[in-house]
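Respectively, the protein sequence lines represent chains A and B.
Okay, so the first sequence: first residue is 1 according to this note's numbering, each after it adds one.
Okay, so the second sequence: first residue is 115 according to this note's numbering, each after it adds one.
Hints may contain errors.
Said to hold, decoys possible - The list that follows gives simulated cross-link-like pairs (lysine to aspartate or glutamate, EDC-like), each with its CA atoms no further than 16 Å apart:
| no. | chain 1 | residue 1 | chain 2 | residue 2 |
| --- | --- | --- | --- | --- |
| 1 | B | LYS125 | B | GLU214 |
| 2 | B | LYS185 | B | GLU166 |
| 3 | A | LYS106 | A | ASP59 |
| 4 | A | LYS71 | A | GLU5 |
| 5 | B | LYS171 | A | GLU2 |
| 6 | A | LYS106 | B | GLU214 |
| 7 | A | LYS68 | A | ASP27 |
| 8 | A | LYS37 | B | GLU214 |
| 9 | A | LYS42 | A | ASP84 |
To be verified - On the chain A side, residues computed to face chain B include the following (Cβ under 10 Å):
| no. | residue |
| --- | --- |
| 10 | ASP17 |
| 11 | ALA19 |
| 12 | TYR36 |
| 13 | GLN45 |
| 14 | PRO82 |
| 15 | ARG93 |
Source of the hints: derived by calculation from the structure; they are not laboratory data.
Everything numeric in this text was worked out from a predicted model, so none of it was measured.
Every residue gets a Cβ at the ideal spot worked out from N, C-alpha and C, and that includes glycine.
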Amino acid sequence: GENVEQHPSTLSVQEGDSAVIKCTYSDSASNYFPWYKQELGKRPQLIIDIRSNVGEKKDQRIAVTLNKTAKHFSLHITETQPEDSAVYFCAVRVSGRGADGLTFGKGTHLIIQP
Amino acid sequence: DTGVSQDPRHKITKRGQNVTFRCDPISEHNRLYWYRQTLGQGPEFLTYFQNEAQLEKSRLLSDRFSAERPKGSFSTLEIQRTEQGDSAMYLCASSLIGGEQFFGPGTRLTVL
Numbered sequence: 001g002e003n004v005e006q007h008p009s010t011l012s013v014q015e016g017d018s019a020v021i022k023c024t025y026s027d028s029a030s031n032y033f034p035w036y037k038q039e040l041g042k043r044p045q046l047i048i049d050i051r052s053n054v055g056e057k058k059d060q061r062i063a064v065t066l067n068k069t070a071k072h073f074s075l076h077i078t079e080t081q082p083e084d085s086a087v088y089f090c091a092v093r094v095s096g097r098g099a100d101g102l103t104f105g106k107g108t109h110l111i112i113q114p
Numbered sequence: 115d116t117g118v119s120q121d122p123r124h125k126i127t128k129r130g131q132n133v134t135f136r137c138d139p140i141s142e143h144n145r146l147y148w149y150r151q152t153l154g155q156g157p158e159f160l161t162y163f164q165n166e167a168q169l170e171k172s173r174l175l176s177d178r179f180s181a182e183r184p185k186g187s188f189s190t191l192e193i194q195r196t197e198q199g200d201s202a203m204y205l206c207a208s209s210l211i212g213g214e215q216f217f218g219p220g221t222r223l224t225v226l
């Protein structure tokens with residue numbers, strides 16, 4: 001089955017600096033790559049996603065890049081703010097073949113230092 | 115609130131008891147998913163439905179677990195003969211086909 005590795009497990013950055021979280025995956029048939037943010041005690045919420053036919057996608061301070069050849073994708077957050085502090089999960093999906101469940105990484109605890 | 119809802123939010127049970135959780139998806143969503151999340155880990159996929167048909171089951175879904183979505187709307191997840199290892203947050207999500215998965219608040223299960 002699909003295997004997703006996420007790094008780092010904890011990331012501490014100064015407010016205003018950038019944060020980068022990286023994920024690698026094993027199944028080359030994976031074609032959908034969402035990122036979820038989960039605050040303590042809350043549900044995971046989608047912050048950005050990318051499909052396999054696109055190399056990069058940006059939404060205000062958040063961007064995701066995908067390298068299908070190397071089977072890795074990254075989340076970039078610029079001008080970090082205190083409200084960005086949370087756990088971030090990458091995920092992959094292999095659509096088609098009856099499969100639709102997401103395989104998640106283990107998460108990155110992002111800490112924004114004031 | 116038109117989002118995904120789950121009931122109950124918390125459940126404490128004794129080992130060996132059966133428990134059932136309910137998920138109400140976003141009304142127009144035809145796909146419904148169940149995930150399990152333990153502390154410090156990402157959600158783990160269990161199963162999903164398209165309308166009333168259960169289309170995929172993870173190998174994590176042991177014989178003690180059963181899920182239904184009888185009318186293609188709400189879903190139930192039952193765990194029989196609970197074990198301490200079943201203690202986790204059980205998350206439900208829903209989506210349109212090929213669309214974003216929206217998660218519910220989860221049901222936190224504690225097995226004593």
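Hints and how they fare:
| no. | hint | result |
| --- | --- | --- |
| 1 | B:LYS125 x B:GLU214 | violated, 28 Å |
| 2 | B:LYS185 x B:GLU166 | holds, 6 Å |
| 3 | A:LYS106 x A:ASP59 | violated, 24 Å |
| 4 | A:LYS71 x A:GLU5 | holds, 11 Å |
| 5 | B:LYS171 x A:GLU2 | holds, 14 Å |
| 6 | A:LYS106 x B:GLU214 | violated, 20 Å |
| 7 | A:LYS68 x A:ASP27 | holds, 10 Å |
| 8 | A:LYS37 x B:GLU214 | holds, 14 Å |
| 9 | A:LYS42 x A:ASP84 | holds, 14 Å |
| 10 | ASP17 | violated, 25 Å |
| 11 | ALA19 | violated, 18 Å |
| 12 | TYR36 | holds, 8 Å |
| 13 | GLN45 | holds, 7 Å |
| 14 | PRO82 | violated, 22 Å |
| 15 | ARG93 | holds, 9 Å |
Of the hints listed earlier, those the structure fails to meet are numbers 1, 3, 6, 10, 11, 14, in rising order.
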